[in-house]
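Bring the two chains, given one by one in their own frames, into a single complex with the hints.
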Amino acid sequence: MADSGDRAREEFLSEAQEIVEGLGRDLLALDEGLRASRLDPSLINDVFRAVHTLKGLAGLFGATRMASLSHELEELLDKLRLGKVDLTAAVLDLLFRSVQLYGLILQAEKEGRDQVIPQVDELVRELHRNADGAAVASPTSSRYELDPSLLAVLTEYEEHRLRANIAQGLRLYRLRVQFQLATIDQALDELKAMAKPHGEIITYLPTGAGADADSIELDILMASAIPVDELRRALASGGVDLEEIPRRSSSGPSSLSQVELERSSPVYAPPPSGRVPSLAPPLHPDELIAGPKGELGTLRSVAQTVRVDIHKLDHLMNIVGELSIVRTSMARLVERLRAARIERDLAADVHRLQRTFERHLEAMQQGILEVRMVPLGQVFDKLARVVRQISREADKLVNLVITGAETEVDKLIVEELSDPLMHMMRNAIDHGIETRSEREAVGKPALGTIALNAFQKGNHVVIEIEDDGRGIDTTRLLEASVRRGVISPDDARSISRSEILTLIFIPGVSTKREVSETSGRGVGMDVVKTNISKLGGVIDVQSEAGIGTKMTVTLPITLAIISALVVMVEDRLFAIPLANVQEAVVLDPGAVRVIDGREVVTLRGSTLQLCRLARLFELESQATQPTTNGWPTSATSGAPGSVSNDARPAPRKTSTRQYVVVTAVGARRLGLVVGTLVGEQDVVIKALGPSLKGVRGFAGASELGDQRIALVIDAPSLVDELHAPGGERIRPLIASRGSHG
Amino acid sequence: MANLARRSGSPAGLRRARPQDRGPRTEYLAFVLAGDVYAAPVSFVREILKPPPLTPVPRAPHAIMGIVSVRGQLVTVVDLRRRLRLAEPVPTRRARILLAAASGGETLGLFVDEVLQVYRLSESEKEPAVAALGGDVAPYIEGIARPSLGSGLAAGGRRSVEGRTEQESHISVVILLDLRAVLGFS
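Protein sequence lines correspond, in order, to chains F and E.
In terms of our numbering, the first sequence is residues 894 to 1634.
In terms of our numbering, the second sequence is residues 5 to 190.
Worth flagging that the hints you see were computed from the coordinates, not collected in a lab.
Keep in mind that a hint or two might mislead.
Just so you have them, the derived chain F footprint on chain E, three or more residues with Cβ under 8 Å [as the list claims (entries may be wrong)]:
#1 70 to 76
#2 104 to 110
#3 176 to 185
Using N, Cα and C, we set each Cβ at its ideal position, and we do this for glycine too.
Bound-form chain E, shown alone (with noise of 0.2 Å):
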């Protein structure tokens, strides 16, 4: 359970960002989906978890995968992958839950293959959203992005560690979620 705030904030990340970029930066954390890289800000999201067991909710809306018990509250886990319409891989280890607060003052987890790191994005960096995505996914894209190298903080301090630094190094694109959008369905 990772403390975002706590992670984001550290010299080590501010020191890495570029001092040419002007103007305010946005935290996002970037995530996988169906292989692809997503991220949303950061300021939504609580909590981090390891998926605990989970319980399926029978004539739940498709979207939802069920309820988990996040110390002894009730939280509906939403499937990002099946919000957007994306293809659905085998959850493996690295699966995690990011708990989010909804509308209406609900947590929500939010199911994802697995959590990269925190971008630290100015505006330069975003491009509105694309017509080109189209579809179902359109209304909740805010936009991509193309992180220039170092406006990435690790999100796990392990991560380097144990060499997986692999992909990072090669993500070009991320698209940026608009989290409103996604949790505020009915």
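If we strip away everything but chain F, and leave its shape as in the complex, we get (with noise of 0.2 Å):
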């Protein structure tokens, strides 16, 4: 258990965490905006409200480099955000790297390590010459037509957006809203969400008055370019009174002096607590112009959130399973006293009891598995900020396009999944898409494109990265791999162009050394194939000369619970994780023939690698010695999970006829021959003990019930042993690599 103090540690490291990764989002709205000229004010508020945020947070726990960073960081927002710096690329870049490094520094202190960082010093010198040198003309000496008294009660933020809005020709309107106190909240955010395109909300302020004590009037200062009727009709079903500011108007509206007097200090103090305590928060100018984002909805979500270690969830996974293991025992008790006819309206309640308990049992795993679900948005941000960054370092243009940001996945996948899908995006736009000069030569846009898809495909989320780049070059990567003698020149001449593509996973082979740097894609692509069977999951590549490539990588969506084929080797259970398999058939062994010292059988037009559970495992028993023909018997193809059972007649031989379980591991498969096809289930997999940690070909185990227990089968494990040289054969051949898939 950790102390007190360790916690609230974990907890500022979270939430700093929390606020870096939502300030990293914003940077790339800015740079969007930035680049289509539209930007946002609303956004440079937040970022600058996150800053400050991260400024405190910093000064509470003693991480002095962080607040250092921070002050110096909300001094430059700050002029930004008041017009006095404008927002150049090159700002932004300097607001990028402190993401950058707040990442840095978070590391740091997680680690307790608290020498200096040199580039936090550089930034910190950095952002001070900008925030003092880009001081743009103080604005206060212009004048403008409004009641001197309304400007007391504007913060200078309010005062500056109120200026830029005149400055553009825009004209001012007063809104006067009644809300009711219940749900002022939602309301406004409804209004504002309708008044956004119109114009910019400017403040507001409550009149004081109300039709009851249960609701509050408020006076909305807003700017907008269209004329009072047609704004009046667009805001027509908020139930506001709308008027327009004269311009050179004297006196404010009544109701707005009156407030006036109430608030006097306009700037980030606590609220003043007015005549309305209770609302003196939302009412609070400057939460309420930052819209949703502002410190009011975060401090909302923090109230509702609960930050919970992953590992508890397992834990309460386990119980879930446990209780199913009861459920199960129980149900072959109420058969058991149905069977008897003895009490038979005991029996039948103890029936509907168990039906509901089996029902609710169903709800909390459902409830367990929801909760650790996150959106892979978590890990495409973070992707998008990688492609800003390289496609600068490289000159290229890229303009990313992601789909899918919403799909969940287990917790535990996305944080396993976002140095892979980097190095993915990073072989995107260095070796993928070309140079601008390049592309316009070949008559492409000179902006290039990346796709970043996401989407779930029943029990799995598919992930794709797409690039319209100019593709693999696979006579290259052909030449490397003979040359690296992953694959022998005889091989090299029948290989198919998809087998090609799979050399990429091949370590050694990919290298930009070895390949140039015009073929080479898939700096350690074998290493991000690796991870990504760790993870259950199977990486595909396709690739077009001068077109692109895609990479897709598929994915369970949870490890804590997960589908798996149960098979029967001899008399033994074991569950193979259905993200591996592809699809299972009958065994001829007619068909089987022997190469190089490995079986092998050709399944619809290639070869397939089997291993013999039986064997590998030292199970078989004397009367195995199967006689059947027609290879293959039958098949069902495609989606991971789809299993035959053989419809067709085959010959009687029930005790000797085995299956081909076909795994796949990114481009790899390899056969799995088992006795029987007990079924499909849905099993919580559980780590074998520390004295098992030896042993190769288990990811762990699983119990089914009435105590039975399945070893799980590791098939990324068995793969690479099986591929591997020495694996289950007599001498190496090489060719099996690559010559089927």
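Encoded structure:
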């Protein structure tokens, strides 16, 4: 148990982390806005606010590096939002760098290292220069036609916005709206959303009046380009009383001046407690103008969110697993009770109870799984930052198009996913997208596009990274592979294009140095593949020369409970994660050939290496010498999880019939020969104890109910083992690595 | 599933201990491996189970029989007979699994042919490991004990009722296992 200090620190770190992530998102949006020359002022305000919060947090926890960085950043941002400094790409670069450095600092804080980080000092100096140097003429000298008493209640920021809007020649409107106290937050948000397309809300103030004790009236100051009638129509559904504030008017609405007196501290001090204390926070103009993402919004979400260690959820999941086992046993008892035909009423009651229990248990399992789920957007945001950075470094124009960021995946998977995806993204920019001039030379738009798509597909999540670059140069890739001895020259002649592409996943083949800059893709694609495999995922690559490359990653949605194919080998049960299963077919012993000491069959035109689990695990009994023919008997291909239970009449030698479960890990496949297919089942995988650590081939074990335990096959490790030199055969056969797929 | 702590602390047992033996006494649980009587400090043993269905793990070290599920936890079961390179008689219904705390916080199951009783042994009743034992087993042996009459506490209440006390009364030598060494395998 961590003591309270440690825990507070944990909280601090994770909160800071969250804020920094949000900061990154906002900066990306700013970047986009800057390019489209449509800056959303509330975004700059959000960023300012985030940094301000970080500064406060850092001060509280004595994180001096973070505090000093935040301080300088805050200065710069303050000037940005007040229009004293222009937001340029260079300034934005500084801001992006700061996000990166925050990451570094947080890491250092987490590990308790407190030496100076030179980059931070450097950035602090640079920020300082920018904030100081770029000071624009102070705007206080300009006069404009508004009641000076109104000015008194405006914050500096609001004043700046007001001035900016007037400078653009926009009209000013006063909106008077009645709100119910109970629903004011929501109603305000709705109104803001309604008003946003038509202009900018500068401030709002309570009039001090209200129809009754449960409602409040607000005066809203809004700037808009459209005439009063149009705006009135646009906001008609909001119950808004709207009037245009005439220019050069000498006195503001009386209600405004009435409030002015109450409010005199218009900055970031704690909200003043006015006559309506319960409403003071929501009515703070700064909060309101910041929109739904302001401090207020954050406060509320913090109050309703609980941060939970994922291991606690694992624990809950284990308990649910136990309960499922209890449920199974109970169901059997109930059946016996019913069969015994005694106490019929009681039996019926118990049966009903049992059904209810089952339903709730399922709901609970589903609920826990949902809690573990987080949107992929968390990773995608990071990727977007990487894309921006790399494309600037490489001086390439890249447009990242993201779809499906809301797709949800198990938290643990998301964590493990960011490195591989980052790597693939880097490859897409470095090696995929061509330089501007190259692109123009072949008639492509100078702006390269990388699509990052995510979507759910059954129990899996698919993530695609697709670029419109030059594609993988298969000729060079093949040359390099032959040179490295990964594939024999003979095989190289007969290899298909898609098989060549899978070579990028073989260690040592596709390094830049080996394959040359133009065709090299996947520095460390083997690592990417390994990481994806560890998550029970699969990666595929498609590429067309001159058109682009598409990487497809297919992952299970959760690791806590997985769907598995339960099989029987001799009299033992094994579970094979469905994520790794392509199909299952009946084994035709007559079709088995031995090539270089390895048993293989031909399945739909490609060679499939076999692995007899009974032999590998030394479970073989004497009576297993099958004799049948007609391979391949039946096959269901396609989606993982489809299992064919061979409907065709086959020789009635059920005792000797065996099945091949085709497992795929990345592009490599392996046919696991098993006795019978028992069925598909959702299982909770538990790790084997430390004393079984050295045992290869199992990812853990699962209870199937009535105390039966099935070992869960670790397909990636078996594939590695059997494809590796020396794996169950007489002498090395390099060709088999690439010659099926 | 015996609760050893409760049993060994029973007043009856305390009374039976011979008053003339001085010095601290250590409680040992005696069990049968391949026909011989072994004992290990009770403090290592958390629980005694009737063997649940056992799932062998292919490619595991020879001495590991497999895994069982104990209230939802996977426990690796070690065959003490194999570990000590003894003969392996076919398990009878008296076979038990001792749950023991092993190195690294792991709980291991130790498969034994039969659990006998708890002995409270004083230092004077123990003899250090005998060189004569020699062989592979030596590193696992703490010593031997010649329990005097009365130092035994019945490990199973039913034992005497069933009239199976014959063996106990004839026990003259108990081999004391150094469980730390036995469990500290890689």
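Hints, verified against the model:
{"no.": "1", "hint": "70 to 76", "result": "holds (count 5)"}
{"no.": "2", "hint": "104 to 110", "result": "holds (count 3)"}
{"no.": "3", "hint": "176 to 185", "result": "violated (count 0)"}
Against the hints set out earlier in the document, a violation occurs for number 3 only.
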